[in-house]
Every structure is written in structure tokens, then in C-alpha cells.
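Student: This is what each chain is made of:
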Amino acid sequence: GNSVTQMEGPVTLSEEAFLTINCTYTATGYPSLFWYVQYPGEGLQLLLKATKADDKGSNKGFEATYRKETTSFHLEKGSVQVSDSAVYFCALSPSGYSTLTFGKGTMLLVSP
Amino acid sequence: DAGVIQSPRHEVTEMGQEVTLRCKPISGHNSLFWYRQTMMRGLELLIYFNNNVPIDDSGMPEDRFSAKMPNASFSTLKIQPSEPRDSAVYFCASSSSGPSGNTIYFGEGSWLTVV
Chain A
1 GNSVTQMEGP VTLSEEAFLT INCTYTATGY PSLFWYVQYP GEGLQLLLKA
51 TKADDKGSNK GFEATYRKET TSFHLEKGSV QVSDSAVYFC ALSPSGYSTL
101 TFGKGTMLLV SP
Chain B
1001 DAGVIQSPRH EVTEMGQEVT LRCKPISGHN SLFWYRQTMM RGLELLIYFN
1051 NNVPIDDSGM PEDRFSAKMP NASFSTLKIQ PSEPRDSAVY FCASSSSGPS
1101 GNTIYFGEGS WLTVV
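Just so you know, the sequences run in chain order A and B.
Start counting the first sequence at 1; every next residue gets the next number (the numbering used here).
Start counting the second sequence at 1001; every next residue gets the next number (the numbering used here).
Incorrect hints may have been included.
[Unchecked claim] Heads up, simulated DSBU-like pairs for lysine-lysine below, C-alpha to C-alpha not over 35 angstroms straight-line:
1) Lys52/A / Lys77/A
2) Lys1078/B / Lys1068/B
3) Lys56/A / Lys1078/B
4) Lys68/A / Lys104/A
5) Lys77/A / Lys104/A
6) Lys104/A / Lys1078/B
7) Lys56/A / Lys104/A
8) Lys1078/B / Lys1024/B
9) Lys1024/B / Lys60/A
10) Lys104/A / Lys60/A
11) Lys104/A / Lys1068/B
12) Lys77/A / Lys1024/B
13) Lys1024/B / Lys104/A
14) Lys52/A / Lys1068/B
15) Lys56/A / Lys77/A
16) Lys1024/B / Lys52/A
17) Lys104/A / Lys52/A
18) Lys60/A / Lys77/A
19) Lys68/A / Lys56/A
20) Lys68/A / Lys52/A
21) Lys1024/B / Lys1068/B
Treat the hints as calculated values from the structure; they're not laboratory data.
The model shown is predicted, which means the values in this text are computed figures rather than measured ones.
Put together the whole structure using the sequences plus the hints.
Tutor: This is how it looks when you write it as C-alpha cells:
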């Protein structure tokens, strides 16, 4: 079946530190891959996506590259801010399907 | 464009009562999803509609849960009777299939507490 595995949190960083949140997946075919972000008390917002191998999704300084050879979609940001504190979810959508399978989420806490 | 609109945002109810959650998807989207989020289980897909027809309801926990989509702009998720273990955040989401891949947009959630 389809599954997504994320690194467990919380990830605690100081402002301006480099961020990596690991995500690996299991799926048949060529899924689309997503990162969603959830701020406290809010719903999920799409952060970035990639639909095929070697694609790089980027938004608001965050990046993730679709690596089929390692079945990974790691999220990175060069310099985090306090306002980036949130829960980050990696997800996949199998090819030909509309549904999303989520990882368990990784909480990021950024201190000044 | 208005996003996915859910109501109520917060609901506190007593065990045994009926709960109805409502959702208006983004106009033009042809797929609608109901997800549940809990600390223990994370995000779970409950049911998925395409063109108002339920496609996959395998995630619906039990017969106490039912969902309908009478038209393209409205869906309900009903719990009857409610139990404390149903306390969770219920998200409605919608999408429109396209050449760039499916992107699912979420509402802000309905925060349900059953006491």
C-alpha cells in the first residue's frame, strides 16, 4: 500500500538555522508529492508540491526535490524564522488517484 | 476566490447527541474529501466524493458516521449518536484534477468535542 514516513519531532531550532525535515514514501507508480503546513489552530495549507521525478517544489524559501531513486521528498529551508513554527506534513497522491496519504507530521519550533 | 468553507468551526456536544458538520467546496472543484485529525492517529481520510458520488468510504469508522453530497456545492458529515472518542478536528477538502496534478485544498476545520 501507500505510506509516508516523516522524521519524528519536535524539531527545535534557533532563528536563521538550516532546516531539514526528512520524508520517505512507499507507493506504486509515480505519485505526486506534497508538503502541507499547519499553523496552531488552523487548517492545512499547501506549501509546495512536485509531480514527477527530479522536480523541485519551492515556496516561501522552502524547497523539496522529488527523488525517485531514494523515494524521498525532504523539506529544506536555508534560514528559518520564528514564524515558521508549525507542524509540517508530507503527503503523496498516487498516480491516477485524487486522495492524499499523509505522514504523521513533524512539529517545528523556532526560537528567537 | 473563497476557499473551502466549513461550519461550525467549534462544537461542544454531549455524548449521544447528533452532530452535523457542513462543508462548501471551492467552486468548480469536482472532488471532496472529509479527513479527521487526532493526536493518536494523525490525519485519516474518512470519505471521498467525486462528482457528488461517494467513491471511497472505507475510512468511515462505523455506522454512526454518514456523509452526503446532495450537490456540487455542499456536503455534510453526520455523527449519530456521538461519543467522546469522536472528539477530533474534522477537515473538509476539495480538489480539481488537472494536468499539473491533483492539489487538495483544506478548510480550516471543525473542532469537535464530545463530553
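Student: Run every hint past the structure and note whether it holds.
Tutor: How the hints compare with the structure:
1. Lys52/A / Lys77/A: 21 angstroms, holds
2. Lys1078/B / Lys1068/B: 9 angstroms, holds
3. Lys56/A / Lys1078/B: Judged against 35 angstroms, a Cα distance of about 40 angstroms means the pair is violated.
4. Lys68/A / Lys104/A: Judged against 35 angstroms, a Cα distance of about 21 angstroms means the pair holds.
5. Lys77/A / Lys104/A: Roughly 20 angstroms between the alpha carbons, so the hint for Lys77/A and Lys104/A holds.
6. Lys104/A / Lys1078/B: 25 angstroms, holds
7. Lys56/A / Lys104/A: 22 angstroms, holds
8. Lys1078/B / Lys1024/B: 15 angstroms, holds
9. Lys1024/B / Lys60/A: 28 angstroms, holds
10. Lys104/A / Lys60/A: 22 angstroms, holds
11. Lys104/A / Lys1068/B: With a Cα-Cα distance of about 28 angstroms, the restraint between Lys104/A and Lys1068/B holds, given a limit of 35 angstroms.
12. Lys77/A / Lys1024/B: 34 angstroms, holds
13. Lys1024/B / Lys104/A: 26 angstroms, holds
14. Lys52/A / Lys1068/B: 34 angstroms, holds
15. Lys56/A / Lys77/A: Holds, at about 13 angstroms.
16. Lys1024/B / Lys52/A: 31 angstroms, holds
17. Lys104/A / Lys52/A: Distance ~23 angstroms between Lys104/A and Lys52/A Cα, so the pair holds.
18. Lys60/A / Lys77/A: 9 angstroms, holds
19. Lys68/A / Lys56/A: 12 angstroms, holds
20. Lys68/A / Lys52/A: 9 angstroms, holds
21. Lys1024/B / Lys1068/B: 12 angstroms, holds
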